[in-house]
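Chemist: Next come the chains, spelled out residue by residue.
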Amino acid sequence: MKPIWYFVGILLFIMGSIVLLAGLYTWFYPPPEQKILAYLHPDLWWGAVMIIAGTIFLLTNRKKTVA
Amino acid sequence: MSTIGLTLADWLIIFIYFAFILGLGYYLKRFTKSQEDFFMAGRKNSSWVAGLAFLSANLGALELMGMAGNTYKYGMYVAHFYWVGAIPAMLFLAIYMMPFYYSSRVHSVPGYLKWRFDEKTRVLNAIAFAIMTLLVSGINLYAMALVLHTFLGWNWHICMWASALTVAMYVSMSGLLSAIFTEIVQFFLIWFGLFLVTFLGIVEIGSLREVFERVPQSFSTLWSTSMDPSQNGMQVTWAGVVLGLGFVLSFGYWTTDFLVVQRAFSAKDMRSARMTPIIASFFKMAVPFLVIIPGLVALILASDPKYGFSLLKDGGQINYDSTLPMLIARYYPSGLAGLGITALLAGFMAGQAGNISAFNTVWTYDIYRSVINKNASDDSLLRMGRVTTIVGIVLSVGTAYWAKSAPSIMDYMQAIFSWVNAPLFATMLLGMFVWWITPTGAFWGLVSGMVSSFTLFLAVKFNWLNPQILALSSPVSDMAINFWRAWWAWLICFTVTILVSFHTKKKPKEELVGLVWGMTDVQALDALPWIKRPEFYAAISVTIFIALNIYFW
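Line by line, the protein sequences are chains A and B. Taking the working numbering, I'd label the letters of the first sequence as residues 13 to 79. Taking the working numbering, I'd label the letters of the second sequence as residues 3 to 555.
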């Protein structure tokens, strides 16, 4: 079977992409009520961090299988 | 309770998580062909997989919402649960107890009791553990439903049943394997989902130093206010922390609770099994970053009206367990809010799955095969494991309604642990390290410890006993009562076990080889170069543990 780290990579990549895309959307279309510290755009850079982490897990485990 | 709106991105992340873990359970089902696969995950896991699952099995409702809420209530003192209340016990399990557990190839902690003592001690512990697991499982369900109710505005009862059904589906498909896989997924979701709560909280307050400076002094220290119970938030002395939490409750939980120990049993070899709690200990020491600091941040925000922050209220009472959800609602925009909620849900789902997988193992091996059907086939045990998963979920839904009426999740948890785990730790300690402890002594010691703990619980609850006598100090909090009740239950079990063993028949020494210290060559089990030895990594862990305690003294 594929190692668990492979599945972790998939999930982090998908969720990071959604967070990043949601961040881009609110960048261009800010909601009427902003969250505290919204000017830091945590969704943009945190989404990017998750995508990078997910990609690393995916690339390092894509050919591995475990018993 | 208030409802906080979610956007499409948030819903999408929550949906993907549920679909993902169900898909994972379905994918793993094809690799679950025998009862060994279902109950022990095939005993093929690396120390990293087993170690992260070991930690994550404990990262349920208790660790996240309960601890953040308790920090709001008691202050930095709650960090004792992560450091003195965990690390020494985890390292003791790795270095001293795991060789006996793993080399005996038992399927469960009650299974060890059978080999070391006898069948009646095993069944007694199995029944107590099964009941405790269902009670704790109810807490996880309660917390899950609370999060869904708070954020999504769903009906509390429907939320609980929906969450329970999801766990029942994926655990019944592939047992411990799917529980461990979802626990690893949960580990990453929790760190990625909650890290920003702490980070943004620190940014809003100004700095980490300012966070500690702006809470009352009794809320920002670990040991310096422990001489006088009136000077610390939890109202418990250093003796209560060390004896009750650090020794009895912590060792009782981390070394004998099958929920966590089962993860180490799934390791591929002895070294991996011993490394399991050591790897977990490093991450355990880091968890306060996710729960203690947000608890302190929430306290500062709620204390100053200019921040416009408050916790939810239930019937006029502050709901401390809403600390983390309310901070997520404050800081997380669309997308991140879904991630934060999913992180909490993942913690609860994995905690629930952990309880259920431990319950189905103990029921199937230690009650069903031991008492009801001694000649059960492999297929029969596998089938029983799947059925027990469903039954366990249904029963834990019932216990969730009881958890809902408790004033604080954490206080409730400690009460349960002091009934079952505290006396069991005395039995295991004596059983593993003293060869002349007899089966009769162990049985009656365990019975007296459990009965005394439960009696003390009732005595304090119904005012038959002044809690100040129990805790040997004044004032005294609910948490201090739990610590001290655990200590007395342990001491009673320890004493009765020894006294009865003096007068009853001992097991022949040849039957104790591999089960008792001094009759097992531990070095031969683990002859490795020093850089690979578990003791080396345990020494690093204990050094960090000491440094943290001194820094936050």
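It should be emphasised that the hints constitute simulated quantities derived from the structure, not laboratory data. A hint or two may mislead.
To be verified - No farther apart than 20 angstroms at their CA atoms in a straight line, the calculated lysine to any residue pairs in the SDA-like style are these:
1) K47/A with L10/B
2) K14/A with A79/A
3) K47/A with T401/B
Chemist: Compare the structure with the hints numbered earlier in the document and write down the numbers of the violated ones, lowest to highest.
Modeler: When the structure is compared with the hints, only number 3 turns out to be violated.
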